[in-house]
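Q: Residue-level listing of the chains:
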Amino acid sequence: MDVRQPLAVEAAPYPFSFDPAETALVVIDMQRDFLEPGGFGESLGNDVGQLRKVIGPLRAVLAACRAAGMTVIHTREGHLPDLSDCPPAKLLRGSPSARIGDPGPKGRILVRGEEGHDIIDELRPEPGEPVIDKPGKGAFYATEFGDLLISQGVHKLVVTGVTTEVCVHTTVREANDRGYECLVLSDCVGSYFPEFQRAGLEMIAAQGGIFGWTAPSEVFLAALAEAPATSRPV
Amino acid sequence: MAVEHSVIGPVNANPYAWPYDTSVPADRVALLCIDWQTDFCGPGGYVDAMGYDISLSRAGLPATQKLLAHARSTGMLVVHTREGHDPDLTDLPANKRWRSARIGAEIGSAGPCGRILIKGEPGWEIVPEVAPAPGEVVVDKPGKGAFYATNLDLVLRTRGITHLVLTGITTDVCVHTTMREANDRGYECLILSDCTGATDASNHEAALHMVTMQGGVFGCVSTSEDLIAATTPALA
Numbered sequence: 000m001d002v003r004q005p006l007a008v009e010a011a012p013y014p015f016s017f018d019p020a021e022t023a024l025v026v027i028d029m030q031r032d033f034l035e036p037g038g039f040g041e042s043l044g045n046d047v048g049q050l051r052k053v054i055g056p057l058r059a060v061l062a063a064c065r066a067a068g069m070t071v072i073h074t075r076e077g078h079l080p081d082l083s084d085c086p087p088a089k090l091l092r093g094s095p096s097a098r099i100g101d102p103g104p105k106g107r108i109l110v111r112g113e114e115g116h117d118i119i120d121e122l123r124p125e126p127g128e129p130v131i132d133k134p135g136k137g138a139f140y141a142t143e144f145g146d147l148l149i150s151q152g153v154h155k156l157v158v159t160g161v162t163t164e165v166c167v168h169t170t171v172r173e174a175n176d177r178g179y180e181c182l183v184l185s186d187c188v189g190s191y192f193p194e195f196q197r198a199g200l201e202m203i204a205a206q207g208g209i210f211g212w213t214a215p216s217e218v219f220l221a222a223l224a225e226a227p228a229t230s231r232p233v
Numbered sequence: 000m001a002v003e004h005s006v007i008g009p010v011n012a013n014p015y016a017w018p019y020d021t022s023v024p025a026d027r028v029a030l031l032c033i034d035w036q037t038d039f040c041g042p043g044g045y046v047d048a049m050g051y052d053i054s055l056s057r058a059g060l061p062a063t064q065k066l067l068a069h070a071r072s073t074g075m076l077v078v079h080t081r082e083g084h085d086p087d088l089t090d091l092p093a094n095k096r097w098r099s100a101r102i103g104a105e106i107g108s109a110g111p112c113g114r115i116l117i118k119g120e121p122g123w124e125i126v127p128e129v130a131p132a133p134g135e136v137v138v139d140k141p142g143k144g145a146f147y148a149t150n151l152d153l154v155l156r157t158r159g160i161t162h163l164v165l166t167g168i169t170t171d172v173c174v175h176t177t178m179r180e181a182n183d184r185g186y187e188c189l190i191l192s193d194c195t196g197a198t199d200a201s202n203h204e205a206a207l208h209m210v211t212m213q214g215g216v217f218g219c220v221s222t223s224e225d226l227i228a229a230t231t232p233a234l235a
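So the protein sequences, as listed, match chains A and B. Residue 0 is where the first sequence starts when you use numbering that gives the first Met the number 0, and the numbers rise one by one after that. Residue 0 is where the second sequence starts when you use numbering that gives the first Met the number 0, and the numbers rise one by one after that.
Calculated directly from the structure, the hints in this document are not laboratory data. It is possible that part of the hints are untrue.
Covered stretches of chain B (in silico footprint by chain A; criterion: 3 or more residues with CB under 8 Å from a CB of chain A, positions within the stretch not fixed) [as the list claims (entries may be wrong)]:
hint	region
1	12–23
2	96–108
3	175–187
Partial pick of chain A residues on the chain B-facing surface, computed with a CB cut under 10 Å [unchecked claim]:
hint	residue
4	Ala63
5	Tyr191
6	Pro193
7	Arg197
Backbone N, C-alpha and C fix where the C-beta goes; we use that ideal spot for every residue, glycine too.
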């Protein structure tokens, strides 16, 4: 008989309990265009160093979740080469100097199949790990992400990636409305703007955890290390 | 014969003059009035009864009231939303119920204005200042976002709506979640700083600021006065 004791993570605003067999690690938009020097994000004047701080801690979390047999799901923001899935308001807003689909330093900006659109080498998905291509900021809208969570028996999410206040927050809000419990790892999410990193994390745990929980990765890893072998699917 | 409509835009807004496509006929614009419910902002509602200061969540009411009259006179679609659950709680996720109980306001329990956040209860109704007029669309939503598990997207697309103006409470929770959902769906969004509010002033400011980053990652921020000033009335 399989008797599972849920693991507990010391988190804000209170402990987050989870069973690794029913929890997915979600890695959001760790793409070259956002993270690498010479990519689209840097070409817009952003300091990619703010985002690259995430890579080290996230590598450790990714390795531990894989070892524990957890479901691992990656996402990428991007559009079809003909831009048929890019709303005009997104494409044209604000007269940007570089638009989605324009030639960029690492191929056409935010277009599927281009070098800049792909996930950075340090966090490359392993064979068999789902990669969700999303046209928006949220991972649920116009994707198979929701169906995938249901089919995998996932009830809780450990959320990582970039950027904290945009794609991470939108995805956590979508997940929360759908009844998923979300733990956001504070050092495994990043923003170009330190002010938004702080505000974004605070908003998640406000009002008794209105969108979910936050905790540093070391605390999560310590809890995961307690996982008995029985909770690991083979 | 061409039908004349009021035209909105360009509106003085941050970070660009809204909308991205310069101007839009009023009949393609919806005014969203999000969760102006007694339990959240009314005297005697549960937030009031818990001892919170409701003046911050009520701050946007006068401007929204004025804007509602403007929207009705110019032919914008007016849509109200209410957060709430069925009396048998079948649409209440377990974690939402558990969390609400933890802070002393369990959804479905007896509150100062009836069962908390239950459809049909007095506390769940929209406050009189911005009450829906007969025939206006009212969307009941079980979550923070107005698109999830509702008919809002269908209603908007059926009416040919492409642009949204957002008002309501709270700025950082239900208004922001709805704006993010709308933005992903391709709606061009404008949030009004004087028609929104939060129980925490710094969360209100941070939420508005986030909208303006990266060239308007979710749309634009403006005020009701600027929107009204940028409306060109239809020819009589």
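Q: Hint Ala63 of chain A vs chain B: min CB-CB distance below 10 Å?
A: Given a least distance of 25 Å, the restraint on Ala63 of chain A is violated.
Q: Under the criterion of a CB-CB separation shorter than 10 Å, is Arg197 of chain A in contact with chain B as hinted?
A: Given a least distance of 9 Å, the restraint on Arg197 of chain A holds.
Q: Is the coverage entry for the region 96–108 of chain B by chain A consistent with the three-residue Cβ rule at 8 Å?
A: holds (count 4)
Q: Using Cβ atoms only, decide whether Pro193 of chain A comes closer than 10 Å to chain B, and label the hint accordingly.
A: Cβ of Pro193 of chain A sits 12 Å from chain B, so the hint is violated.
Q: Should the hint that Tyr191 of chain A touches chain B count as held when the rule is a Cβ pair under 10 Å?
A: 8 Å, holds
Q: Establish whether the coverage given for the region 175–187 of chain B by chain A is satisfied; the threshold is a Cβ-Cβ distance below 8 Å, and no fewer than three residues must meet it.
A: holds (count 10)
Q: Establish whether the coverage given for the region 12–23 of chain B by chain A is satisfied; the threshold is a Cβ-Cβ distance below 8 Å, and no fewer than three residues must meet it.
A: holds (count 5)
This entry does not satisfy hints 4 and 6, going by the numbered hints stated previously.
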